[in-house]
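Colleague: Protein chains in written order, with this note's numbering: chain P, 8 to 207; chain U, 8 to 207.
Hints are computed from structural coordinates only; laboratory data are not their basis. Don't take every hint at face value.
Heads up, the list lumps identical chains together, so a pair's fine if it works in one copy or across two of them.
[What the hints assert, rightly or not] With a cut-off of at most 27 Å between alpha-carbon atoms, the simulated DSS-like pairs for lysine-lysine come out as follows:
{"hint": "1", "residue 1": "18", "residue 2": "107"}
{"hint": "2", "residue 1": "18", "residue 2": "40"}
{"hint": "3", "residue 1": "18", "residue 2": "42"}
{"hint": "4", "residue 1": "107", "residue 2": "42"}
{"hint": "5", "residue 1": "107", "residue 2": "40"}
Protein chains: 2
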Amino acid sequence: MQSPQLVHLIKLLSRLPGLGPRSGRRAALHLIKNKEQALSPLLSALTQAAESIVTCNQCKNLDTISPCHICSSPQRDQDTLCIVEDVSDLWALERSASFKGQYHVLGGTLSAIGGVGPEELGIGTLIARVLMLSNLREIVIALSATVEGQTTAHYVHRALQEACPHLAFSALAHGIPLGGELDYLDDGTLTTALMARRAL
Amino acid sequence: MQSPQLVHLIKLLSRLPGLGPRSGRRAALHLIKNKEQALSPLLSALTQAAESIVTCNQCKNLDTISPCHICSSPQRDQDTLCIVEDVSDLWALERSASFKGQYHVLGGTLSAIGGVGPEELGIGTLIARVLMLSNLREIVIALSATVEGQTTAHYVHRALQEACPHLAFSALAHGIPLGGELDYLDDGTLTTALMARRAL
């Protein structure tokens with residue numbers, strides 16, 4: 008007995024990551040009950056985002072301009088490039104405010120099952136970009152510590168090292184996360200943290 | 008370094024019930040990465056909903072027409088009226104397909120702290136509507152089994168019984184939910200289920 012417009016809206020909201028049928032219904036109800044405070048602002052924010060957000064033609068970040076604010080900023084270091092899997096990883100690193108160099112977003116990981124090869128990830132474009140960056144000294148490969156992430160990291164490392172043997176390569180350190188309790192950590196993390204122990 | 012449009016969109020998405028800052032970011036990324044498949048359909052669904060969804064002037068359900076499809080359907084029983092707290096409760100009962108009568112949505116529960124009194128819940132309008140329904144035989148008070156819900160149910164029952172003493176009143180049965188394991192149920196539910204035990 009629900010109107011088709013409502014059913015359609017609930018279906019679309021339920022498809023958002025993190026939402027399901029129940030939370031989709033709650034979100035739809037919330038939006039419709041608060042047309043002025045919630046629905047209208049979201050509508051205009053979505054319209055603006057749809058119109059203005061583009062993919063940066065250099066690093067594949069999402070921004071309103073291309074090249075993006077990071078690529079075009081004179082304050083960013085030109086000698087380091089950080090390779091990440093996804094825009095959300097770039098955002099996470101930016102939130103930590105601990106990296107001041109350039110980024111490159113792969114947009115995924117290599118996956119034989121998913122049909123994602125080096126061409127889909129634009130490894131050729133990445134190498135071409137790296138060759139153009141004349142001040143580059145170091146490439147930080149900051150991919151996830153998953154099997155797919157590490158396989159991709161290995162492939163990217165090998166391909167870039169072949170093309171630019173003069174560059175330094177690094178990866179994020181493995182170890183115990185801050186606040187992590189040993190009892191709750193998996194054996195792999197503990198082994199890695201123990202092997203990479205630092206002198207005090 | 009994120010564009011203000013993105014920050015604004017993430018903020019609005021994070022405010023949806025069931026979403027937080029992290030899932031808001033994920034939802035925003037998902038929408039922007041899938042402009043054709045996700046953002047545009049959601050945009051038009053929201054626009055349509057904003058334009059077409061209205062509150063039914065009889066039962067306060069949300070629909071594209073007022074009186075809503077339930078109030079105006081000749082197939083629905085005219086002799087029972089079910090009083091619910093929220094539109095989501097009406098939807099839940101409709102999904103169960105076990106009630107074929109009329110509805111009335113209170114839109115909340117009585118709350119001294121929240122400043123919600125009988126006027127805010129439209130108890131007067133409800134009584135006026137009940138007096139107009141000439142075929143009405145029974146009123147099902149289907150409010151939540153919470154303290155607020157049961158307080159409101161008690162008040163609504165008393166007010167309606169005073170105005171229409173000839174009507175039958177009922178409430179949803181309390182007991183063990185289907186699939187419920189005794190060990191996981193609270194003492195209150197178990198006590199109620201035991202006291203209301205049925206002969207076999």
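Colleague: Hints first: check each against the structure and report whether it holds.
Modeller: Quick rundown of the hints versus the structure:
1. Taking identical chains as interchangeable, the C-alpha atoms of residue 18 and residue 107 lie at most 27 Å apart only when they sit on different chains, with a minimum of 25 Å there against 41 Å within one chain.
2. When the C-alpha separation of residue 18 and residue 40 is checked against a cutoff of 27 Å, the pair qualifies both within a copy, at 18 Å, and between copies, at 19 Å.
3. Both within a single protomer and between protomers do residue 18 and residue 42 lie at most 27 Å apart by alpha-carbon distance, with minima of 19 Å and 17 Å respectively.
4. In the homo-oligomer, the alpha carbons of residue 107 and residue 42 never lie at most 27 Å apart, since the shortest distance is 41 Å inside one protomer and 30 Å across protomers.
5. For the identical chains of this complex, residue 107 and residue 40 are inter-copy neighbours only, at 25 Å across copies versus 44 Å inside a copy, given an alpha-carbon limit of 27 Å.
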